[in-house]
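With chain A's structure known, arrange chain B on it following the hints.
There are 2 protein chains.
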Amino acid sequence: MEKIIAPKGYRYAATASGIKGDGKTDLGLIVSDIPAQCAGVFTRNRVVAAPLQITRPRIARGKCQAILVNSGNANACTGEAGLRVAESCSDLVAEALALPSELVAVASTGVIGQPLSLAPFQAAVFGLGVALDEQHAAAVAEAIMTTDSYAKISELKVEGVGYSYRILGLAKGAGMIHPNMATMLGFVMTDAKLTATQLQRLLKPAVDNSFNSISVDGDTSTNDMVLLLANGAAGGVEIEPGSQEEEQFAKKLQVVLLDLAKMIVRDGEGATKLAEIKVIGGQNVQQARTIARAVATSSLVKTAFFGEDANWGRIIAAVGYAGVEIEPEKIDILFDEVMVARGGLYVGTQIEKPATAVLKQSEFCVTIDLHQGDSFASYFTSDLTFDYVRINADYRS
Amino acid sequence: MEKIIAPKGYRYAATASGIKGDGKTDLGLIVSDIPAQCAGVFTRNRVVAAPLQITRPRIARGKCQAILVNSGNANACTGEAGLRVAESCSDLVAEALALPSELVAVASTGVIGQPLSLAPFQAAVFGLGVALDEQHAAAVAEAIMTTDSYAKISELKVEGVGYSYRILGLAKGAGMIHPNMATMLGFVMTDAKLTATQLQRLLKPAVDNSFNSISVDGDTSTNDMVLLLANGAAGGVEIEPGSQEEEQFAKKLQVVLLDLAKMIVRDGEGATKLAEIKVIGGQNVQQARTIARAVATSSLVKTAFFGEDANWGRIIAAVGYAGVEIEPEKIDILFDEVMVARGGLYVGTQIEKPATAVLKQSEFCVTIDLHQGDSFASYFTSDLTFDYVRINADYRS
Numbered sequence: 001m002e003k004i005i006a007p008k009g010y011r012y013a014a015t016a017s018g019i020k021g022d023g024k025t026d027l028g029l030i031v032s033d034i035p036a037q038c039a040g041v042f043t044r045n046r047v048v049a050a051p052l053q054i055t056r057p058r059i060a061r062g063k064c065q066a067i068l069v070n071s072g073n074a075n076a077c078t079g080e081a082g083l084r085v086a087e088s089c090s091d092l093v094a095e096a097l098a099l100p101s102e103l104v105a106v107a108s109t110g111v112i113g114q115p116l117s118l119a120p121f122q123a124a125v126f127g128l129g130v131a132l133d134e135q136h137a138a139a140v141a142e143a144i145m146t147t148d149s150y151a152k153i154s155e156l157k158v159e160g161v162g163y164s165y166r167i168l169g170l171a172k173g174a175g176m177i178h179p180n181m182a183t184m185l186g187f188v189m190t191d192a193k194l195t196a197t198q199l200q201r202l203l204k205p206a207v208d209n210s211f212n213s214i215s216v217d218g219d220t221s222t223n224d225m226v227l228l229l230a231n232g233a234a235g236g237v238e239i240e241p242g243s244q245e246e247e248q249f250a251k252k253l254q255v256v257l258l259d260l261a262k263m264i265v266r267d268g269e270g271a272t273k274l275a276e277i278k279v280i281g282g283q284n285v286q287q288a289r290t291i292a293r294a295v296a297t298s299s300l301v302k303t304a305f306f307g308e309d310a311n312w313g314r315i316i317a318a319v320g321y322a323g324v325e326i327e328p329e330k331i332d333i334l335f336d337e338v339m340v341a342r343g344g345l346y347v348g349t350q351i352e353k354p355a356t357a358v359l360k361q362s363e364f365c366v367t368i369d370l371h372q373g374d375s376f377a378s379y380f381t382s383d384l385t386f387d388y389v390r391i392n393a394d395y396r397s
Numbered sequence: 398m399e400k401i402i403a404p405k406g407y408r409y410a411a412t413a414s415g416i417k418g419d420g421k422t423d424l425g426l427i428v429s430d431i432p433a434q435c436a437g438v439f440t441r442n443r444v445v446a447a448p449l450q451i452t453r454p455r456i457a458r459g460k461c462q463a464i465l466v467n468s469g470n471a472n473a474c475t476g477e478a479g480l481r482v483a484e485s486c487s488d489l490v491a492e493a494l495a496l497p498s499e500l501v502a503v504a505s506t507g508v509i510g511q512p513l514s515l516a517p518f519q520a521a522v523f524g525l526g527v528a529l530d531e532q533h534a535a536a537v538a539e540a541i542m543t544t545d546s547y548a549k550i551s552e553l554k555v556e557g558v559g560y561s562y563r564i565l566g567l568a569k570g571a572g573m574i575h576p577n578m579a580t581m582l583g584f585v586m587t588d589a590k591l592t593a594t595q596l597q598r599l600l601k602p603a604v605d606n607s608f609n610s611i612s613v614d615g616d617t618s619t620n621d622m623v624l625l626l627a628n629g630a631a632g633g634v635e636i637e638p639g640s641q642e643e644e645q646f647a648k649k650l651q652v653v654l655l656d657l658a659k660m661i662v663r664d665g666e667g668a669t670k671l672a673e674i675k676v677i678g679g680q681n682v683q684q685a686r687t688i689a690r691a692v693a694t695s696s697l698v699k700t701a702f703f704g705e706d707a708n709w710g711r712i713i714a715a716v717g718y719a720g721v722e723i724e725p726e727k728i729d730i731l732f733d734e735v736m737v738a739r740g741g742l743y744v745g746t747q748i749e750k751p752a753t754a755v756l757k758q759s760e761f762c763v764t765i766d767l768h769q770g771d772s773f774a775s776y777f778t779s780d781l782t783f784d785y786v787r788i789n790a791d792y793r794s
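Top line first, the protein sequences correspond to chains A and B. If you use this note's numbering, the first sequence corresponds to residues 1 to 397, in order. If you use this note's numbering, the second sequence corresponds to residues 398 to 794, in order.
So that you can see chain A by itself, here it is in the shape it has in the complex (with noise of 0.2 Å):
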């Protein structure tokens, strides 16, 4: 298992529980060892599984000192008996580490709609607290896995004045996954000194930036949920609101989370290359952004990036029917620094060759310059492969 040098003061277990049934790990705890400053940004999904219904009031008091995640089971569609279990298990983390439940976070991912059983926390939740230790962050990362191929972690050290601090953030992923188990969690420590308003304030931009800007599928599931804590262990002074070193924290806080969700990205189900979406030119982001999420959610284009078919007129059809007010005469669309299509209008048949050399690379980016303006937006999206038709049609065959 990786080693991680881990931000000061927070400890970490997990076990398997039996709530996924193939004794793989399924349960994992989060602990820091004073109540941290907090975060969170949540799906926007309308139905709420029962674990945020807990959890969103809670990180919105800004104080956490720990997080219960299992895997294998959402409690989403659950009704009021799936509320009382989310509730008791943050009862249970905070019996044993003698917390008031108001400092306990719950998240789930999993099967939407069957009951969650308390069985298996109540089992296992106390031995986890015993087992808290410093060094298992990676444990807590393979805890979460669904169809997730590989654990997703990423760390830096950021140099302060007079003092460093580190940043870990733990995620799984993507969209909507067999079966049914969806959901993007995102877990990030970090032992500088924030107040909750400002993590707040940073980690939403952070977010859309990253996990709010990939697309395995196109699908939000009703578990998404980033947290961020924050809890000062590192020594040093609090990082002030508008400072240089507030805006490096941001930055740095940017890294980990792009890093994250293009690790969710090319583990995409089924997924062989990774391709940027990048639009530029733009009269503003939101113009930018919602052409760039057409694009990187059409499944003609992903199929097309698959293929290796260097096929743009798909992407220039995908931009048109995103919604916003185009001038499709000014539009040149690169595959890397190839270009082939220049105001609108197709270059011709010497680009194939290179173009479609482009494709055959596992990441590429595929630009598009309206020509309108200066503002641009980035989404990262997989291709859509026979592999994701696998995957997501043969569950419970």
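Hints in this document: simulated from the structure, not taken from any laboratory. On a predicted model such as this, the values are computed, not experimentally measured, just so you know. All clues stand as given, with none of them false.
Taking lysine-lysine pairs in the DSS-like style, the calculated list, with each CA pair at most 25 Å apart, reads: (1) A:Lys204 / A:Lys157; (2) B:Lys460 / B:Lys590; (3) A:Lys20 / B:Lys750; (4) A:Lys8 / A:Lys193; (5) B:Lys590 / B:Lys649; (6) A:Lys353 / B:Lys417.
Quick look at chain B alone, frame taken from chain A:
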């Protein structure tokens, strides 16, 4: 070739002009004996192909006598040169039939972004004019096929007061298709007597509830076009606005268009199943439509249909991310008559067998009851299969 009893006063011809390059028919001509009243609905894509730019303003003037349609090349993203070719095509028809060019509509379907040569049209159009015949409607339906596996034709006879008239629809589709053989095209001819204003008023809702309520892959083409011609050749009086006769015409028009739309879904690339996504109990039609569309275009829902997996969690998740207000705890979901979720909760394992049996059929209905009001809307969709990926990835290989 199917024998069609067509509306009176229309003649048809089709030929292999060489645009397709594989020797298949690729050019069709539809001509009314007298200038017909007409209406049209065109793509909402911001990228609009050349033939639409020529045809749309002509149809808006309310009179049309001839429609020239080619497959094999969409004449889209072809700039000024493409516009000149589209205009020249209509001039060739006008010359061959001694009509003003303003009465000629042109339509194209095929590859986007490739220059369209005028030469095949110069060679073929005069001959098409000579070959015109009342019996050849099916040949036109075949000439506009791209990846369609069969020609799409629907016709019916309506008993008017003291006379009868007919409605004949020809279509191709669906969605954006290999190799960019995009485009939903529909041409509807009737020998009933109505004004262009009436036709336009009646065509829009009929298209909304048919061609605009199907989803094969969610993409919208640069070339989509539905034209409706009425030449009054059946005799009988003009159908009065607001009359029972007009209502009857609207209903029958809807039947023809929905029939064609379902054929398009059934023939969707790789499709093996036709599913109606029916949202009932909505607050308003817009809400019901938005939700039906989100479910019908979800890759995960469509893949689950292919896998015959009664995966209602994916359906309620799509309902949740549709972006409109819902009350999840009120929602019922049925597969045909089998209720799988009641009040947002799983009914229980006893539904698995009968629900799976529903999905094993080639056609079924998923009903989503929002229990918020009386509005409803339907969307028709196909499953997402290995063959969809194969067909759409293999282009140029």
